[in-house]
Amino acid sequence: MIHIAALIAASLALTDGTRAQALVSYNIVGDGIPESLTGAPGDAARGRALVLDRSTTCILCHSGPFPETRFQGDLAPDLTGAGNRWSTSQLRLRLVDASRFNRETIMPSYYRNDGLVRVGRNLAGKPILSPSQIEDIVAYLATLRD
Amino acid sequence: MSVARTIIAAMLLVAAPALLAGEIPQDARHSGYSFMGPDTRAMQDDDTSNPGMLFVLDGEALWKTRSGSAGRACADCHGDARESMKGVAARYPAFDKALGRPVTLDQRINLCRANHQQATPLSHESRDLLALSAFVAHQSRGVAITAGDDPQLKPFVEQGRALFVQRQGQLNLACTNCHDDNYDKHLAGAPVTQGQPTGYPLYRLEWQTLGSLERRLRSCMSGVRAQAFDYGAPELVALELYLMARARGMPMESPAVRP
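In order, the protein sequence lines correspond to chains A and B.
Residue numbering for the first sequence is 1 to 146, as defined by this note's numbering.
Residue numbering for the second sequence is 147 to 405, as defined by this note's numbering.
Extracted from the complex, chain A is given alone in its bound form (with noise of 0.2 Å):
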């Protein structure tokens, strides 16, 4: 009886859209989050696939070394040598939240899931990506470098 209680109580999370999933935690240390999300470092082949698809939406906005594809953004800066000028840790704070870095950038928190309006309804209370994704990418991006 508790079990079946349970499992109803678990599968109305799930389709109630709008409670919010837990995240994991993470600390911010200086301007960045030097720690994986994970506990595991990323897979950077899978970073760069992630980065060229655009529903992940990064090219939507941003270019970079990635001459198979023409359709990328210029409302960003080229991505191109971001593992120079960035270190894996601020890498990784810039893709969870970026208006740490700039109240006003239009870039979105990539991992983040509340103070946001009208999400839609079957995307309310998720990050837009999980953490293995947000490392992927990050050690993808540390890998650019001219």
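Just so you know, not all the hints are guaranteed correct.
Where chain A lies over chain B, by a calculated footprint (3+ residues, C-beta under 8 Å) [to be verified]:
id : segment
1  : 305-315
2  : 325-334
On the chain B side, residues computed to face chain A include the following (Cβ under 8 Å) [claimed, not checked]:
id : residue
3  : Gly288
4  : Asn318
5  : Leu319
6  : Arg364
7  : Ser368
8  : Gln373
For the record, the hints were derived by calculation from the structure and aren't laboratory data.
Just so it is clear, CB atoms sit at the ideal spot from N, CA and C, and this is done for glycine as well.
Position chain B against the provided structure of chain A, taking the given hints into account.
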């Protein structure tokens, strides 16, 4: 400063509606047309190649067709649309006294159907509604937009503006972030444009059909991963009204073509 000069300066201030911060000045306003390539422009320019004109022709036929239990056609009340409908679309959404709020051209068409034709409403984005609104809007081609001038609309224009500048959706972007601040840039290679509402309803190559301004706004909302307002929702009408007021003075170009 001489008295005459002061008066002239004051008159100029009165004549030009005050721009709010971040708004695009009159002489810098550009329709989506000016961001398109030569092929798409040519398609819009030539009525024989503009697919929207097929809807206008259908709309002209519907204008003259009796409908509903009143057995009346639009033409029975309004006569020749070339006369009676000239400039009408350029001032919509317009204030409806009975409802006490602005209504879009599509809503007006359905109000006429309900009140004067005793006919059932046409559904959003249905072929007949798009055809009728394209036909009516076509009568305003080249006419300068004046929507929002009616003082009764002021609070609704403000509501629309507030929605335009509010960050929303999972991507946390406001309309103004793209259409005021970045219209000279590209989103994944495509021009962002100023988001001017001058051409609606318009034929979008991506849609392979005609679509309303509401459809476009709903897809920008889904684009930032926001929950889009329903068709006809007061918020969507206010946003549409604000866009038209923001485009004040620009010529209508319905039915336009867009990529």
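So, going through the hints one by one against the coordinates:
no.: 1; hint: 305-315; result: holds (count 4)
no.: 2; hint: 325-334; result: holds (count 6)
no.: 3; hint: Gly288; result: violated, 33 Å
no.: 4; hint: Asn318; result: holds, 5 Å
no.: 5; hint: Leu319; result: holds, 6 Å
no.: 6; hint: Arg364; result: violated, 12 Å
no.: 7; hint: Ser368; result: holds, 7 Å
no.: 8; hint: Gln373; result: holds, 5 Å
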